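Just so you know, the sequences run in chain order A and R.
Positions 1050 to 1499 (the numbering used here) are the ones given, in order, by the first sequence.
Positions 1357 to 1662 (the numbering used here) are the ones given, in order, by the second sequence.
Everything labelled a hint here was simulated from the structure, so no lab data went into it.
On a predicted model such as this, the values are computed, not experimentally measured, just so you know.
Think of the CB as a built atom: it goes at the ideal place given N, C-alpha and C, for glycine as much as any other residue.
Keep in mind that a hint or two might mislead.
[What the hints assert, rightly or not] Which residues of chain R face chain A? A partial, calculated answer using Cβ under 8 Å:
no., residue
1, A1499
2, A1522
3, S1548
4, G1610
5, I1627
6, P1628
[Said to hold, decoys possible] Quick partial rundown of chain A residues pointing at chain R, CB under 7 Å, derived from the structure:
no., residue
7, D1132
8, A1133
9, Q1250
10, L1307
11, G1308
12, T1474
13, T1475
14, A1478
15, G1479
16, D1480
Single-letter residue listing:
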Amino acid sequence: MRNAIPRRARVVIAAGTVALAGVALSACTGGQPDTSASGGTTEISWWAYGPDVSVVDQYLAAFNEEHPDIKVNFKLISQDTYDAVLRPALASNSGPDVFTEDPGARFEQFQSYGTDLTPAFEDALGSDWSSQLAQIGVDAFTKDGKLMAAPVGGDFAGTIWINQDLFTEYGQTPPTTFDEWVDVCAAFRSHDVGCFVQGAQQTDFDQDMFQAIADTIEPGLYSEAVAGDAAWDDPQLVQAFQAWGDTFTNGIMQDGALGITQFPDANNEFLAGKYAMVMMGTWYMQNTRTDILTAGMTAAGNTGAPFVAVPIQFPAAVEGGTPGGLFGNSGGGLAVSAKSAHKEAATTFATWLATAPAGQQVVADLMVNTPSLKGITPDFAALGLVAPDVQQPKIEWMIDEASKVTETRKLVDPDLEQALGTALTTIAAGDASPAQAAATLQQTAESLRG
Amino acid sequence: MTSVHRGTAAAHARAGRSVRSLRPQGYLWVLPALIVSAGILYYSIGYTGYISTLDWDGSSPAPEPVGFDNFVTLFGDPVFWAALQHTVLFFVVTFALQTFLGLLLAALLHSNIRWRGLYRVLVFVPVVIAPAFMAPVFRQIFAADGALNWVLEHIGLGFLTHSWLADSATALPVVMLIAVWGSTGVNFILYSAALGQIDPQIVEAARMDGAGGVRVFWSILLPSVRGTTLALAILTAIGSLKTFDIPYLVTNAGPNHATEFLGTYIYTQSIPLAHVGYGAALSVMLLVIAVIMALVLNLRRERGEA
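Extracted from the complex, chain A is given alone in its bound form (with noise of 0.2 Å):
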């Protein structure tokens, strides 16, 4: 039977189907910048899951006053989505040249794909580099004695952030026990104003909030329980799971919690103004700064003046407990890859952000970070900060107390850290009571110890 189409029909369809199925791979393969050198300027690419892409634009303006020969591509990557997009780049040949990673379990499951830069930071800062730098970022990036990621500042939390403009308006004072915040927060109430949100769906910043209450209640015995070196069903920890489980229940926490993610959800109900008070730690600095906080509010739908937020320490969860401190360790390092091309000019940039006072001052003075270096502190006469007086002595407060935090917050095991926010969630549900949360979370931390 004779083919009912021409062949040169035939033919056409069939090239223009291999051309077709070209371009649908070129466009699978696609999608990596093209880091090389050029002209004399070489290029190299910066994967992070933060700062906002406006703080990166300081620190590269300020890189390349003295390094105007290295071009810093910076690529933003969500934080729930990072360690899916970041392990299949690192293991094929076309990563980042450098990336973040983050203390605790990230660090652990990333940094072979790092390079030592202990070298570079003797080179830049002498052979007692360590004594020089804050050593919370150092112990947190060392591995079998190597640097393999840059310290670029802490990150600590434990502080609850308010909007001091709305506690003026309806007369409240900053709480200081959970009683004192029942309270607060039933006044903001009557008034229709949010009090307190916290996106409890990012199970993150739940164990920042639980690790909070367990520091006003004994401090150090949270991270003893991470450390095994306490049960995590001790009465004093099932007392801060309790006081955790009774803030879905007694006005504290907002309705819905659960069903809010961190950042973006709660973040901009905040900037909103729509609620008094969040859970925030030093990266929440920056919201002092005028032009940052316009532009935070102004993502957030809010056109209005900038408000001035404060920190506050974090309620005592019990009667006789104290109010809480911070806790925390280094924020995102940046690691050279291994496999990157352009390594000594990655390991320029990576070395720069961390040890440089130049670079370090606009760490500091961005307020996302508290730097790394010892002796860098924020220059607020340039900062324009929304209400120096009362928020410059805050700032001081809050860079002082992180100077001497020992207590970490990110948990090396992933497992356990994901079986610490089940607890929570669940306590938060009602679906467990504290004790058999606590219990189930015991029997879960024996288990993977083995």
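Since chain A is already given, all that's left is putting chain R on it; use the hints.
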């Protein structure tokens, strides 16, 4: 046929064979697709099966062989069984609702009503909107202070307001509702095409015999689109097994695994927890379930045709 004709025919046949011997065989045209399917797809399945026998984080150079330990763990994992339960429930509810709504809309818009084209577009638009784009919208709608509760309060149904996404009991129904919203358009389009194949004289004859709208729908339209319904059942079943985007983006598979599906659990185990071996075992189990489901539905379809 004369000898001249036979000779001519024979000459044509010889010419045809010699020409055919110069033409590339048919399989060469399917070779690219064969390479993709056999080379990539089945290789990937095999490799996943191999990884499922390892305790591996996906990057370390020395994965530890553990035999079938991952599968033993899987069968004792309450989260796996919960995810499977959610998948089955998701399939049953979404298939029922999508079938009902899709067929109803197709039947309603089958007649020559005004602005039929616009209605068809409105029904189909949700299908083409990316879930990632809609997820923040749905999180806002179903938030405790979201649009749905606002509407309920303002129409005198304030007693129904709820933290839809924060409650384990309502989070899964919300996920199913979003899925139905996003997929009913597909059912609608396929049923519209199927209804167009029905001979209108059959319907006319039924009406002349006194059959009402419901009777025509139940006894004529529904049986006539049986093939489409079974095809949609297979597609919905496979889609249910692959469900990931809506529960991941809207509820993050929570609260407390209330909206955990096999897809989200595989992702959680493989990526943030770096239990790549266990994630692979879950993937193998998903494949087995998918094959069994497809076989069952296909057998049902063949019996229906017989």
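Restraint outcome when A/A1133 is required to lie within 7 Å of chain R by C-beta distance:
5 Å, holds
With a cut-off of 7 Å on the beta carbons, see whether A/D1480 makes it to chain R.
-> Holds, about 6 Å.
Under 8 Å is the threshold here; is the Cβ of R/P1628 close enough to any Cβ of chain A for the hint to stand? This hint holds: R/P1628 lies near chain A, its Cβ roughly 6 Å from the closest one there, short of 8 Å.
Hint check, A/T1475 versus chain R [nearest Cβ-Cβ separation less than 7 Å]: 5 Å, holds
Does the nearest C-beta of chain A fall within a distance shorter than 8 Å of the C-beta of R/G1610? 6 Å, holds
Min Cβ distance, A/Q1250 to chain R: is it shorter than 7 Å? 5 Å, holds
For the hint on A/A1478, does the least C-beta distance to chain R fall short of 7 Å?
Interface hint status for A/A1478: holds (5 Å vs cutoff 7 Å).
- Identify whether the interface hint at A/G1479 stands, where standing means a beta carbon of chain R within less than 7 Å of its own. With Cβ-Cβ at 9 Å, over 7 Å, it is violated.
> Should the hint that R/S1548 touches chain A count as held when the rule is a Cβ pair under 8 Å?
Replying inline: Since the shortest Cβ distance to chain A is 29 Å, the answer is violated.
Is the interface hint for A/G1308 satisfied, with its Cβ closer than 7 Å to some Cβ of chain R? The hint holds - A/G1308 has a Cβ within 7 Å of chain R, the shortest such distance being about 3 Å.
A/D1132 as chain R interface residue, shortest Cβ-Cβ below 7 Å:
The hint holds - A/D1132 has a Cβ within 7 Å of chain R, the shortest such distance being about 5 Å.
A/L1307 as an interface hint toward chain R, with CB separation required under 7 Å: 4 Å, holds
Against the hints set out earlier in the document, violations occur for numbers 3, 15.
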